[in-house]
Amino acid sequence: MSDKIAVQVDDLTVAYNYKPVLWDIDLEIPEGVLMAIVGPNGAGKSTLIKSILGILKPIAGSVSIYGKSYDKQRSLVAYVPQKGSVDWDFPTTALDVVMMGTYGSLGWIKRPRQKQKKAALEALEKVGMLPFKNRQISQLSGGQQQRIFLARALVQDASIYFMDEPFQGVDATTEIAIINILKELRKAGKTVIVVHHDLQTVPEYFDWVTFLNVKKIATGPVKDIFNDDNLTKTYGINYKVSIQE
Amino acid sequence: MDIQEYFSLVFSDYTLRTITLGTAILGAVTGMLGSFAVLRKQSLLGDAISHAALPGIAISFLITGAKDSNTLLLGALVSGLIGTFWIRGIITKTHLKSDTALGLILSLFFGFGMLLLTFIQKQPNANQAGLDKYLFGQAATLVESDVWMMAIVTGICLFVLLLFWKEFKILLFDKDYAKTLGFNTKTIDILITSFIVLAIVLGLQTVGVVLMSAMLLAPAAAARQWTNSLATMVFLAALFGAFSGVFGTAISASQNNLSTGPVIVLVAAVFVFISFIFSPSRGLLFKQIRFIKNRRDLQLHKTLAFMYNIAETHDDISHPHEIKILNNFQGFTKGTLKKLVEKNYVTLQGSTWSLTNEGFKSASNLYNQLTKNDE
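So the protein sequences, as listed, match chains A and S. For the record, in the first sequence the residue sitting at position 98 is 168 according to the working numbering, with numbers rising by one throughout. For the record, in the second sequence the residue sitting at position 35 is 78 according to the working numbering, with numbers rising by one throughout.
Hints are not guaranteed to be accurate.
Stated by the list, open to error - Reference excerpt, derived from the structure (chain A facing chain S, CB under 7 Å, subset only): (1) R144; (2) L146; (3) P151; (4) V156; (5) W158; (6) F160; (7) T162; (8) M170; (9) G174.
What the hints assert, rightly or not - EDC-like, lysine to aspartate or glutamate: derived pairs with alpha carbons at most 16 Å apart: (10) K285(A) x D81(A); (11) K381(S) x D340(S); (12) K377(S) x D340(S); (13) K187(A) x D227(A); (14) K84(S) x D159(A); (15) K84(S) x D157(A); (16) K138(A) x E101(A); (17) K153(A) x D219(S); (18) K218(S) x D157(A); (19) K222(S) x D141(A); (20) K84(S) x D232(S); (21) K377(S) x E365(S); (22) K285(A) x D94(A); (23) K138(A) x D80(A); (24) K127(A) x D141(A); (25) K404(S) x D359(S); (26) K127(A) x D219(S).
Just so you know, the hints here were simulated from the structure itself, not pulled from any lab data. Yeah, the Cβ is synthetic: ideal placement off N, Cα and C, and Gly gets one too.
Sequences are here, hints too, so could you generate the full structure?
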């Protein structure tokens with residue numbers, strides 16, 4: 071972790087209809103952290119990521135990536151959407167999906183070539199999915215599909231990675247494989263931001279955490295702020311998480 | 044005229060050639076674009092668009108008083124596009140779901156179109172007859188210039204498709220992700236939708252407002268069954284569409300001039316039917332066969348595993364056992380035992396069985412095999 075701020079969010083407010091989903095969020099994410107965003111269902115965790123990435127238009131507020139707008143810094147950012155957000159029966163192969171990670175750097179019209187294919191194969195190798203490169207994506211297990219999504223983001227070779235519930239519905243092997251890759255990314259100085267559900271694993275997996283429930287409750291190092299007080303504030307009930315010392 | 048006669052005439056007879064070429068091109072372009080509609084889960088959009096085109100035809104006639112097909116189809120294009128944008132507007136601006144928006148626009152525009160048609164028919168104008176052919180289409184009215192029009196649009200469509208192939212694919216699969224990569228998804232979206240509208244309008248004269256959506260969906264649905272690649276699917280859909288057009292025209296021309304549009308749609312439906320049943324990977328027939336085979340294999344495996352567990356308790360794996368022991372086990376049947384004997388896994392002697400070396404080896408590998416297959 072360095073002193074640089076990778077992602078800065080100021081006064082961000084997002085509403086789908088009348089009710090705000092995110093209210094006046096200020097957030098500074100330092101470079102090089104592996105951060106979990108936690109909060110109850112409907113807390114706006116995915117919305118926060120999508121607003122930072124420009125998928126959703128906020129009512130107010132601004133987002134900057136290394137001091138500039140997202141539009142200018144696109145190439146520094148990779149995104150892993152929720153697995154359930156796409157139709158896995160789409161007629162395409164694992165390799166083809168991972169190749170999509172190169173589309174951004176290619177820009178309009180240009181086709182992926184050997185160089186892009188090589189990068190995609192390397193990413194597949196990294197997530198242990200190389201033997202499945204020609205597999206139709208519907209014939210992959212949930213964990214394998216998640217790894218394909220991760221590989222697609224790795225191909226983007228970004229500095230900041232946003233991941234929306236990468237551990238949802240995956241088997242234990244995949245969970246370990248994914249967290250190892252995330253830790254490697256952090257080691258390489260990348261910033262990784264993960265929407266996360268399993269509170270038990272937060273201290274083990276992450277070094278930074280943001281508590282979110284429409285408003286930002288707290289953000290900071292896990293060892294300082296991951297406590298019953300913040301959990302109770304975020305989840306509304308008297309929440310006790312037994313952290314193994 | 045029988046089918047044979049049709050195919051001998053199709054190259055020499057002007058009318059037959061024009062109609063056949065027209066329906067073939069139409070089938071190809073709608074099949075191609077239909078793949079996108081199906082994959083975007085917008086199957087019903089085509090239906091709504093084609094119905095929404097009807098008032099455009101009527102209004103275009105009322106304004107110009109001419110029955111020139113290009114003028115009328117221009118009207119259809121405009122009102123089809125208006126209908127499409129209203130549907131999009133309703134979905135994004137209100138809480139209504141897309142099926143409601145589609146149904147609403149479809150019936151509203153179609154109703155208005157029918158109203159205009161009856162109004163036109165009451166007019167004291169000799170020129171009015173024949174507009175109702177756009178309801179079910181009449182391939183016989185196709186002339187060479189219509190076919191040229193179709194060919195040009197198909198050519199442009201193919202060019203754009205190849206040019207923006209990568210963009211279309213990523214939009215279809217993962218729109219949000221495409222957005223984060225910096226693609227203007229709205230532009231791609233409008234491009235696809237406009238081409239779908241264009242293809243539908245082109246087909247109104249031949250297949251008609253009511254059946255047009257089948258031309259869009261049937262070839263695509265059939266093609267999806269045969270392949271797991273988007274490019275192959277689009278190609279197959281175009282092929283199925285073109286064949287539906289040709290065969291439909293052939294049947295209609297050779298069978299007492301049956302109405303061409305419905306026959307084409309029925310031929311396309313036959314493609315769908317065959318594909319649903321006989322496709323090797325997704326078809327119902329092979330699925331059922333695989334299912335039965337898997338069950339049999341499992342039964343065999345379970346029986347073998349059960350025998351293995353018993354044999355394991357003895358020093359000598361080929362120690363003979365009474366068949367009765369197997370009675371406790373539900374999977375035991377004479378059939379499965381016989382099959383195991385055939386595979387040389389088990390030997391039967393009277394009412395006793397014993398595991399062979401091969402059977403023992405195979406059974407001990409069973410677990411490994413199962414996990415291997417699972418990967």
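Going through the hints against the structure:
1. Taking 7 Å as the C-beta cut-off, the interface hint given for R144(A) holds, the closest approach to chain S being about 5 Å.
2. Given the 7 Å rule on beta carbons, the hint for L146(A) is violated: about 12 Å separates it from the nearest Cβ of chain S.
3. The interface hint given for P151(A) holds, since its Cβ lies 6 Å from the closest Cβ of chain S, which is under the 7 Å cut-off.
4. At about 5 Å, the closest approach between the beta carbon of V156(A) and any beta carbon in chain S falls short of 7 Å, and the interface hint on this residue holds.
5. Using the Cβ-Cβ criterion of 7 Å, the hint placing W158(A) at the interface with chain S is not satisfied: the shortest such distance is roughly 10 Å.
6. Proximity of F160(A) to chain S holds as hinted, the smallest CB-CB distance being about 5 Å (cut-off 7 Å).
7. Here the hint on T162(A) is kept, as its CB sits about 6 Å from the closest CB of chain S, short of 7 Å.
8. The interface hint given for M170(A) is met, as the beta carbon of that residue sits about 5 Å from the closest beta carbon of chain S, less than 7 Å.
9. Interface hint at G174(A): satisfied, since its Cβ lies 3 Å from the closest Cβ of chain S, which is below the 7 Å cut-off.
10. Of the supplied pair hints, the one linking K285(A) and D81(A) holds, its CA atoms being roughly 10 Å apart against a limit of 16 Å.
11. With a C-alpha separation of about 13 Å, the suggested pair K381(S) and D340(S) falls inside the 16 Å cut-off, and the hint holds.
12. A hinted pair counts as satisfied when its Cα atoms are at most 16 Å apart, and K377(S) with D340(S) qualifies at roughly 15 Å.
13. For the given pair, K187(A) sits about 14 Å from D227(A) by alpha-carbon distance, which is consistent with the 16 Å threshold.
14. Proximity of K84(S) to D159(A) is assessed by CA-CA distance (about 12 Å); at most 16 Å being required, the pair is judged to hold.
15. Proximity of K84(S) to D157(A) is assessed by CA-CA distance (about 10 Å); at most 16 Å being required, the pair is judged to hold.
16. In summary, the hint linking K138(A) to E101(A) is supported, as the alpha carbons are separated by about 15 Å, within the 16 Å threshold.
17. Using a Cα cut-off of 16 Å, the hinted pair K153(A) and D219(S) holds, with the two alpha carbons roughly 12 Å apart.
18. As the CA atoms of K218(S) and D157(A) are separated by approximately 11 Å, the hinted pair is consistent with the 16 Å bound.
19. This hinted pair checks out: K222(S) and D141(A) have alpha carbons roughly 11 Å apart, not beyond 16 Å.
20. The suggested pairing of K84(S) with D232(S) holds, with an alpha-carbon distance near 13 Å, which does not exceed 16 Å.
21. With a CA separation close to 14 Å, the supplied pair K377(S) and E365(S) stays within the 16 Å bound.
22. For the suggested pair K285(A) and D94(A), the alpha carbons sit about 7 Å apart, so the restraint of at most 16 Å is met.
23. Restraint check for K138(A) and D80(A): satisfied, since their Cα atoms lie roughly 13 Å apart, inside the 16 Å limit.
24. Among the hinted pairs, K127(A) with D141(A) is consistent with the structure: their alpha-carbon atoms are about 13 Å apart, no more than 16 Å.
25. Simply put, K404(S) and D359(S) have alpha-carbon atoms about 14 Å apart, close enough for the 16 Å limit, and the pair holds.
26. For the hint linking K127(A) to D219(S), the alpha-carbon distance of about 13 Å falls within 16 Å, and the restraint holds.
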